[in-house]
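The numbering of the sequence shown is UniProt numbering, which starts it at 1 and goes up by one.
Please keep in mind that the hints were generated in silico from the structure rather than gathered at the bench. Hints are supplied without guarantee of correctness; some may be wrong.
[Claimed, not checked] Label pairs and their in silico Cβ distance ranges:
1) 105 - 184: 44 to 50 Å
2) 268 - 179: 21 to 27 Å
3) 6 - 57: 24 to 30 Å
4) 255 - 84: 36 to 42 Å
5) 171 - 148: 19 to 25 Å
6) 68 - 187: 28 to 34 Å
7) 262 - 27: 40 to 46 Å
8) 58 - 270: 26 to 32 Å
9) 68 - 148: 35 to 41 Å
Yeah, the Cβ is synthetic: ideal placement off N, Cα and C, and Gly gets one too.
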Amino acid sequence: MITTISNSFLTAQIKHLGAELSSLKDNSNKEYIWNGNPDFWGKHSPVLFPIVGTLKNNSFQYKDAQYQLSRHGFAREMEFELIDKQENKSTFSLVSSPKTKEKYPFDFDLHLIYTLENKSLKIEYKVFNNGETKMPFSIGAHPAFDLPGDFENYSLTFEKEGTLNYYILEDGLISNTTDELHLDKNKLPLNYELFKNDALVFKNIDSKSITILEKSKPFLKVNYTDFPDLGIWTPNAPFICIEPWFGYSDTVDKSGDLFDKEGIQLLEPKAVFHSEFSIEIL
1 MITTISNSFL TAQIKHLGAE LSSLKDNSNK EYIWNGNPDF WGKHSPVLFP
51 IVGTLKNNSF QYKDAQYQLS RHGFAREMEF ELIDKQENKS TFSLVSSPKT
101 KEKYPFDFDL HLIYTLENKS LKIEYKVFNN GETKMPFSIG AHPAFDLPGD
151 FENYSLTFEK EGTLNYYILE DGLISNTTDE LHLDKNKLPL NYELFKNDAL
201 VFKNIDSKSI TILEKSKPFL KVNYTDFPDL GIWTPNAPFI CIEPWFGYSD
251 TVDKSGDLFD KEGIQLLEPK AVFHSEFSIE IL
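All chains should be built: construct the whole structure from the sequences, respecting the hints.
Below is the structure:
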């Protein structure tokens, strides 16, 4: 199933599977979200929960038991319930179940809330800890923005100038090796060579917005003030993913204890976590 929301400027479509944004168009019918062509990558904008990235050995320990949890978690592969629908807003819910507890033994309710406000789509995450113990989790966004034509016609402008340090991935895990990204002022011209070692992973990034430009003309901006971490990725495809995160993959020397995981969020019993980011059409 797909739910559509709209306002005077934009129309968005969200799949109930994964509560995944699958389309964002303006009044001229220009599409901004990747079409999900499986020859490159069959997703559009999945939510990453209850982990971001990869766990070492795809597993973790909790209370003397071991659990298997695959890359980016399971929420993106599960059917969400539409619990509120307005013309310009929709709210989706995924509640823990015996099926989720086989992989992640915590009681949660995950809400994704999509709201169109003028020329922006606001995406909110709410995580409810319905259990009696602290709940460790990570959550992140993975929107893929369509870049038709020559990939090298595009560039990214970061909110702040300066050299950026990013972490090199090693078999999907965060290695102890970093590299530098040298910006021209605050601009990064795109080319596929940047992604030869997979995604660029930034911990505690200072820039809280990134603008995509085509031939130096800005057309879309991602604002992620709430989020500490960021990934940027493409699999040599005609799109770019700008991914605000709370957390990231395990480090190569990780212990396997989810509570000790670098970047993990620990939510108190009966507490609610809330964050949001926006996609702004310029």
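Now for the hints, and whether the structure bears them out:
no. : hint                  : result
1   : 105 - 184: 44 to 50 Å : holds, 48 Å
2   : 268 - 179: 21 to 27 Å : violated, 37 Å
3   : 6 - 57: 24 to 30 Å    : violated, 45 Å
4   : 255 - 84: 36 to 42 Å  : holds, 40 Å
5   : 171 - 148: 19 to 25 Å : violated, 32 Å
6   : 68 - 187: 28 to 34 Å  : violated, 42 Å
7   : 262 - 27: 40 to 46 Å  : holds, 44 Å
8   : 58 - 270: 26 to 32 Å  : holds, 30 Å
9   : 68 - 148: 35 to 41 Å  : holds, 38 Å
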